[in-house]
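Fit chain B to the known structure of chain A by using the hints.
Spelled out, the chains give:
Number of protein chains: 2
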Amino acid sequence: MIRLTYRIETPGSVEAMANKIASDQSTGTFVALPGETEELKARVAARVSGIRELPAADQASFPAEAGGATRFNRADVDIDFPLDAVGTDLSALMTIAIGGVFSIKGMTGIRIVDMTLPQEFAATHPGPQFGISGSFALTGVKGRPIIGTIVKPALGLLPHETAAMVSELIEAGVDFIKDDEKLMSPAYSPLGERVKAIMPVILDHEQKTGKKVMYAFGISHADPDEMMRNHDLVLKAGGNCAVVNINSIGLGGMSFLRKRSGLVLHAHRNGWDILTRHAGLGFEFSVWQQFWRLLGVDQFQINGIRVKYWEPDQSFVRSYKAVTTPLYSEKDVALPVIGSGQWGGQAPDTIAATGGSTDLLYLCGGGIVSHPGGPGAGVKAVKQAWEAAAAGIALEDYAKDHVELRQSIEKFSDGKAG
Amino acid sequence: MIRLTYRIETPGSVEAMANKIASDQSTGTFVALPGETEELKARVAARVSGIRELPAADQASFPAEAGGATRFNRADVDIDFPLDAVGTDLSALMTIAIGGVFSIKGMTGIRIVDMTLPQEFAATHPGPQFGISGSFALTGVKGRPIIGTIVKPALGLLPHETAAMVSELIEAGVDFIKDDEKLMSPAYSPLGERVKAIMPVILDHEQKTGKKVMYAFGISHADPDEMMRNHDLVLKAGGNCAVVNINSIGLGGMSFLRKRSGLVLHAHRNGWDILTRHAGLGFEFSVWQQFWRLLGVDQFQINGIRVKYWEPDQSFVRSYKAVTTPLYSEKDVALPVIGSGQWGGQAPDTIAATGGSTDLLYLCGGGIVSHPGGPGAGVKAVKQAWEAAAAGIALEDYAKDHVELRQSIEKFSDGKAG
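Residue numbers (the numbering used here), protein chains in the order written: chain A, 1 to 418; chain B, 1 to 418.
Just chain A, with the same shape it has in the complex (with noise of 0.2 Å):
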């Protein structure tokens, strides 16, 4: 059985209107038909198990659809479906139990707030090849969160300036650089030609101190075919990791990627504030990030505490909650990628969220590059921070003799990390 939890709001009944989606999601359709026998409604029809209300609202989500009302009802409804009426495809998941429910009239609001699967999903899908584990033996990290950063400006840099500025980034001691989600393979700087000029300075840097530095090559594609040459050409290259802007492609280009993949698939969820940045509508990020984890998801990029984005940090802290709890078990959890606006600073807030736990990727862009002693006092200020974070001392006290993040805090704290 697969249950569904959706968040109605309606001038009208929430009951009325939670037999409706359970019925318009399975039979489907308004009129009473022929063949829709007792036996069919067994084998397929979806059921209302549960209602759970909520405080009425004073205004329509969809306000468009108010209809001149000033009360709507809201209500935490549970739907069952019958596995077998859906099977384990997650885009049969994606159209009978979420897509078609936001077609429905008579609702002002709507939102996705839960999803329990059946075990029979983790046996039809592959889950992380990497995840937390691999992400740290590949790295070497052990016992602080992995430092990561990333190549800025974000876009136009030739491949020979971004070569020279992953040789400083590395000097500086980073675990980890990537490429801006939003570079790809422009004509200015095509994926080959950067990939040809980075992975040198990685390998000789590796063979130099042991080190492997992880790069996440931007490698997506709306063609699943350019995508995997553009896969081949990091992997040969010597490379481990790729940014998957997993909303660009969809589930047909990650699906086919992580069947074929040999890297570290580190996913960008750019696009995913449409579906979640408004509390009344779409989805909570603990339902959507389930589809990606089930398709393969090593490392999941999920904002952080006191971001430069509109995500405030209650809801950075239930994403955090959703990546790290296993679907099934430890192996389907992904890396939290913890990235925006950070500098350090924010580590004694973070360690908070995590319960005490440095199993995450920390991504700092300004806040490594931008730091006044330069970008290898940044990474030390950031794991000072981490230091005295886990440790438990503030950070204003251990900056009193560790210059470098002392430094950061005088630059940073008004929030400017960029």
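There could be a bad hint or two in this list.
Since the list can't tell identical chains apart, any single copy or any two copies may satisfy a pair.
Unchecked claim - In silico lysine to aspartate or glutamate, EDC-like type, Cα no more than 20 Å apart, as pairs: (1) K259 with E226; (2) K142 with E410; (3) K411 with E396; (4) K105 with D313; (5) K331 with E36; (6) K331 with E120; (7) K196 with D232; (8) K41 with D24; (9) K105 with E15.
Since the hints were made in silico from the structure, they are not lab data. The structure displayed is predicted, hence computed values, not measured ones.
Leaving out everything else, chain B in the frame of chain A:
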């Protein structure tokens, strides 16, 4: 140059927000960086090229982000991206010009309302393989809409039950039949079994009458390899059409399928409502449909007049215009598929919306099968409605000597055509 038009809503300055979008979505950081040279900006920087003010709103589209304001400035803002910064890959376009924009703080609403892509996109994407002319040629229909229906109940029929219903619908005289979009390959009706049960009925009727009814089988699958296996099953059995849930398979799935397809691809946009139902947020259909037409949708479901869903008629009219307006040439136009609660009664208003064109597929579910005289009478009634509409005769008048139309008016004019 790629031009996007964003409808921005903000309690602050629209112009400042427009500049922020242009900056974030190209060079992309909040701190001035050493590498951000004038030369680089010339290569990739997006530029605000037009701002057209709209009346201010008194409510925030994202209510949680109103911040106590009571006036929200609104404008349509054109932003131009250099083609070289993005390239012609649709996943890059989606990531850079659309997806990322929704994460930006400081807006209380954002909707993508227009997109103009340069000629280079025509050369690098296949577009429809069959489109309007192919759909009419394969069904043998001339001078009127292709009349189609959907097998209902949507889910739950066994393959032989579906085949029996298909046989009845073929005898009734429909040109086109489809699986409900929710039906793909569940355990009780695996696609292979369904094809095996249905195709002999189609081919037998073709041999007897010369008329080959187009049957659209639900082939969607999150895994493109599985979807191609489904495609091949249909093609090898002599089928010529498939329902594809474009939102559920994503750009990657659609791109992969189209490159290898021998079938007419009938797109269902299930899930699209999430992106568009709130008028202050998301996408206009006119923007979103361009992606799928470039990738090669042949037939595009766009609702209709007085549908059972939330979509108002004027939104359908805009969708019709969008899908029938060439992007680069007539060849990239998809066949508009008009459905949901249709029974012929909407033909006059529909033909008013199409400007007299009957180049469309008109889908009736309950409107055909629940006709009091049976499905055969249902098809006749729909054809009569279109004859009347095309000749500019009121349905009530035409019904005086067309009994099937009269019966359908009696039964369905309360809007219950399913």
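Going through the hints against the structure:
Taking the closest pair of Cα atoms, K259 and E226 come within 20 Å of each other both inside a single copy (15 Å) and across two copies (12 Å). When the C-alpha separation of K142 and E410 is checked against a cutoff of 20 Å, the pair qualifies neither within a copy, at 29 Å, nor between copies, at 75 Å. For a Cα distance limit of 20 Å, the shortest separation of K411 from E396 inside one copy, 13 Å, qualifies, whereas the shortest one across copies, 77 Å, does not. In this assembly of identical chains, the alpha carbons of K105 and D313 lie at most 20 Å apart only when taken from different copies (14 Å versus 33 Å within one copy).
In this assembly of identical chains, the alpha carbons of K331 and E36 never lie at most 20 Å apart, being 42 Å within a copy and 41 Å across copies at closest. In this assembly of identical chains, the alpha carbons of K331 and E120 lie at most 20 Å apart only when taken from the same copy (16 Å versus 44 Å across copies). Proximity of K196 and D232 under a CA criterion of 20 Å is satisfied intra-copy only: 13 Å inside one chain copy versus 39 Å between copies. Taking the closest pair of Cα atoms, K41 and D24 come within 20 Å of each other only inside a single copy of the chain (12 Å); across copies the shortest separation is 51 Å, beyond that limit.
Proximity of K105 to E15 under the C-alpha cut-off of 20 Å is restricted to the intra-copy arrangement: shortest distance 14 Å within a copy versus 36 Å between copies.
Hint violations for this structure: numbers 2 and 5, all remaining hints satisfied.
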